[in-house]
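Chemist: Those protein sequences? They're chains A and B, same order as listed. Residue numbers for the first sequence follow the working numbering, beginning at 714 and rising by one. Residue numbers for the second sequence follow the working numbering, beginning at 1213 and rising by one.
Some clues are possibly wrong.
List time: in silico DSBU-like cross-link candidates among lysine-lysine, alpha-carbon distance up to 30 Å [claimed, not checked]:
1) B:K1502 with B:K1391
2) A:K944 with B:K1452
3) A:K717 with A:K790
4) B:K1501 with A:K944
5) A:K924 with A:K944
6) B:K1327 with A:K790
7) A:K790 with B:K1501
8) A:K750 with B:K1512
9) B:K1479 with A:K851
10) A:K944 with A:K851
11) B:K1479 with A:K978
12) B:K1391 with A:K944
13) B:K1512 with B:K1298
14) B:K1512 with A:K851
15) B:K1501 with B:K1376
16) B:K1512 with A:K944
17) A:K978 with A:K951
If you are wondering where the hints come from, they were derived from the structure by calculation, not from laboratory data.
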Amino acid sequence: MKNKDLFRVIIIYFLSIFFAFIVISIIAILFRYDVIKVLKTLLTTSFKTSFGFQETIKKTIPLIFTTYAFTIPFMIKFFNIGGWGQMLFGGTVTAVVGLTLPKIGINLPSFVMIPLLIITGILAGGFFALIAGFLVAKFDINPIISTIMLNFVAVQFLNFIATNPIYRDPYEGHPITIPLPKSGTLGFISGIPYSIIFAIISIIFVFYLIKKTKLGYEITAIGYNLDSAQKYGINFQKTILLTFFISGALAGLGGTFEVINIHKKLIEGFAQTSGAQYGIFGVLTSLIVAGNPIGAPVAAFLMSVLLVGADALQRTMQIPVEMVFLSQALIVLFIVTFRERFLRRR
Amino acid sequence: MLSFINSFISQTITYAVVYTLTSLGIVISGRAGIFNVSGEGIMLASASIGFIVSFLSQNAILGFISGMLMGALFGFILSYIHESYKVNQFILGISLVILGTGLSDLMYKLIIGVKLTAPRAPKTPIIKIPFISDLPIFQAFLNQDIIVYFLYFIIFFAWWFYYKTKIGLETRAIGENPKAADVVGVNVARRRYLSTIIGSMLIGISGAYLPIVITGTYTPDISAGRGFMAVGIAIFASWKPQRAILGGFLFAAIEVIAFRLQVISQKIPYQFFLMLPFISVLIIMMIFKKQIEFPASVGKPYSRE
Chain A
714 MKNKDLFRVI
724 IIYFLSIFFA
734 FIVISIIAIL
744 FRYDVIKVLK
754 TLLTTSFKTS
764 FGFQETIKKT
774 IPLIFTTYAF
784 TIPFMIKFFN
794 IGGWGQMLFG
804 GTVTAVVGLT
814 LPKIGINLPS
824 FVMIPLLIIT
834 GILAGGFFAL
844 IAGFLVAKFD
854 INPIISTIML
864 NFVAVQFLNF
874 IATNPIYRDP
884 YEGHPITIPL
894 PKSGTLGFIS
904 GIPYSIIFAI
914 ISIIFVFYLI
924 KKTKLGYEIT
934 AIGYNLDSAQ
944 KYGINFQKTI
954 LLTFFISGAL
964 AGLGGTFEVI
974 NIHKKLIEGF
984 AQTSGAQYGI
994 FGVLTSLIVA
1004 GNPIGAPVAA
1014 FLMSVLLVGA
1024 DALQRTMQIP
1034 VEMVFLSQAL
1044 IVLFIVTFRE
1054 RFLRRR
Chain B
1213 MLSFINSFIS
1223 QTITYAVVYT
1233 LTSLGIVISG
1243 RAGIFNVSGE
1253 GIMLASASIG
1263 FIVSFLSQNA
1273 ILGFISGMLM
1283 GALFGFILSY
1293 IHESYKVNQF
1303 ILGISLVILG
1313 TGLSDLMYKL
1323 IIGVKLTAPR
1333 APKTPIIKIP
1343 FISDLPIFQA
1353 FLNQDIIVYF
1363 LYFIIFFAWW
1373 FYYKTKIGLE
1383 TRAIGENPKA
1393 ADVVGVNVAR
1403 RRYLSTIIGS
1413 MLIGISGAYL
1423 PIVITGTYTP
1433 DISAGRGFMA
1443 VGIAIFASWK
1453 PQRAILGGFL
1463 FAAIEVIAFR
1473 LQVISQKIPY
1483 QFFLMLPFIS
1493 VLIIMMIFKK
1503 QIEFPASVGK
1513 PYSRE
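Can you build the whole structure from these sequences, using the hints too?
Modeler: Rendered as structure tokens:
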């Protein structure tokens, strides 16, 4: 990237965030909220207390997974909006395995149980995304449609498991299962979930995948120019399937950690935060950095800062969390527009 | 039995309003070359504003009009950003979906707030045509609210416009080959604006229809994926208005059947019936794979140089 481009990128981000905050301020003024306090709460809650910071990290971890779930197919020009469906499915299947094993009398020690559950999440999420990959590779069905249809299937499947008499907690009114066995859960280290280790591993994995492997090279080539990539013998269909599997596996993994680390049981809406699914925020995060795998974790952290701020706004000033959600969508809209305006290639 | 069939058809028509208007809206913009995937977001935002206006004014018609205007606003944003900055239509569409989702709940919470009992929308009057409405065949079709009659009108109008008028033919040509249309002197950008805005207005009406007529109250995420199912319908209809209408009625029937089976069935958990419409979208798109055609320029930006 040239210096001039870098300067432009900085301008684009600055302008987009600036405009989005202007919109927030206008809404705040219209509904008679204290604008300064709103903006201050939004931006500083994460850094004021250690609790705020822990919450930010807790939200960053699933966001990293769902951001990558969108980013990797995006590099070959496919839109995987199914991050949340894959996350729900991964988490649900993990919970089923984790709850069923002790029920049928198999009590595995932690060092077997945890890897087993993680692999379950990877396979379940990957399989779920693979359906969409298969539909686009064989039937040319746009993944925007198929992944979203599958999201709703996953929502119902989660509801089916969480209300199932075998698994559900009879003392809860809301669809919630009984807790997972202790051997199947992860803990916290000074308020930070252990799953952060796996989030970092997945960041390294994605780097390695894109930069060092043959598949990563093929993904880059297809993203650059599909026709010439096929001319040089890249099997497009195989790349689609692999890409979707990996992206779903990451989302499913994110779901697994929400279940075994954060909630320690299956809750309807476990993949939800501040008014929307992590999968939706993942799409926004990825679009903010234009599908750049290196920028994704940073953007995920900044996104979480806003989300924690949004929760604080709702708690202290009764401002609906959707205001922040709206502003994030606006930031994305501004960024994609300005990016085309100032960085048009060719 | 006859009353059962009547109530089934009647209910299907109510849901068909949502599916048909939305997929028709997507087809209309697609015919001019804009692939509008933001249907879900438009529906949600229009549902919210439509409900708020109709609740505050106690007038359902005002609600539909405000939903339509919200749709027009979204259509304008979509076509303006696309035509002026050539932003990828899918990225734009998805951003607008998320924008609409956030906007819908925000507006409702800020204006109506949290109430103990859910506020109800005013009743939409049922229009009957003297004598004909009582005939057994027409009973289900002609005992409906004004939007259903609007739907009948739009069905006829869309067919007439695209196949019988010169402007309609020209607009279809933009979808196939914008360059050729431009050479003949058609203002491509203006047609794209108009088609997207009109299409989004239809989506807006169907969004407002959800809380005002179907549920009678606003709940978050009220469109529940129907905006995306309509995109599926538009694709499997190959962007032909008559097939989009057919698809709209088909999915309305599937939803009603799934809903009724869910009440009757004891053995199969109800969640699987709720999955049915979504799975059938995919199955139908697989079955009709061979027949699906896209207008050649749909989803692609057009610039004159």
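Chemist: A separate judgement is required for each hint: does it hold in the structure or not?
Modeler: For each hint, the structure was consulted:
Restraint check for K1502 of chain B and K1391 of chain B: satisfied, since their Cα atoms lie roughly 27 Å apart, inside the 30 Å limit. Of the pairs offered as hints, the one joining K944 of chain A and K1452 of chain B is violated, with about 34 Å between alpha carbons and a cut-off of 30 Å exceeded. With a C-alpha separation of about 27 Å, the suggested pair K717 of chain A and K790 of chain A falls inside the 30 Å cut-off, and the hint holds. For the given pair, K1501 of chain B sits about 26 Å from K944 of chain A by alpha-carbon distance, which is consistent with the 30 Å threshold.
Distance hint between K924 of chain A and K944 of chain A is fulfilled; the C-alpha atoms sit about 22 Å from each other, no more than 30 Å. For a cut-off of 30 Å, the pair hint linking K1327 of chain B to K790 of chain A is broken: about 44 Å separates their Cα positions. Straight-line distance between C-alpha atoms of K790 of chain A and K1501 of chain B comes to about 21 Å, which keeps the hinted pair within the 30 Å bound. Straight-line distance between C-alpha atoms of K750 of chain A and K1512 of chain B comes to about 44 Å, which puts the hinted pair past the 30 Å bound.
Distance hint between K1479 of chain B and K851 of chain A is unfulfilled; the C-alpha atoms sit about 34 Å from each other, more than 30 Å. As the CA atoms of K944 of chain A and K851 of chain A are separated by approximately 20 Å, the hinted pair is consistent with the 30 Å bound. For the hint linking K1479 of chain B to K978 of chain A, the alpha-carbon distance of about 27 Å falls within 30 Å, and the restraint holds. Under the criterion of a C-alpha separation no larger than 30 Å, the hint pairing K1391 of chain B with K944 of chain A is consistent with the structure, at around 28 Å.
Between K1512 of chain B and K1298 of chain B the CA atoms are separated by roughly 9 Å; this keeps the pair inside 30 Å, and the hint holds. Between K1512 of chain B and K851 of chain A, the direct Cα distance comes to roughly 23 Å. Compliance with the 30 Å bound is thereby established for this hinted pair. For the given pair, K1501 of chain B sits about 28 Å from K1376 of chain B by alpha-carbon distance, which is consistent with the 30 Å threshold. Among the hinted pairs, K1512 of chain B with K944 of chain A is consistent with the structure: their alpha-carbon atoms are about 23 Å apart, no more than 30 Å.
Annotation: proposed proximity of K978 of chain A to K951 of chain A is violated, straight-line Cα distance about 36 Å (limit 30 Å).
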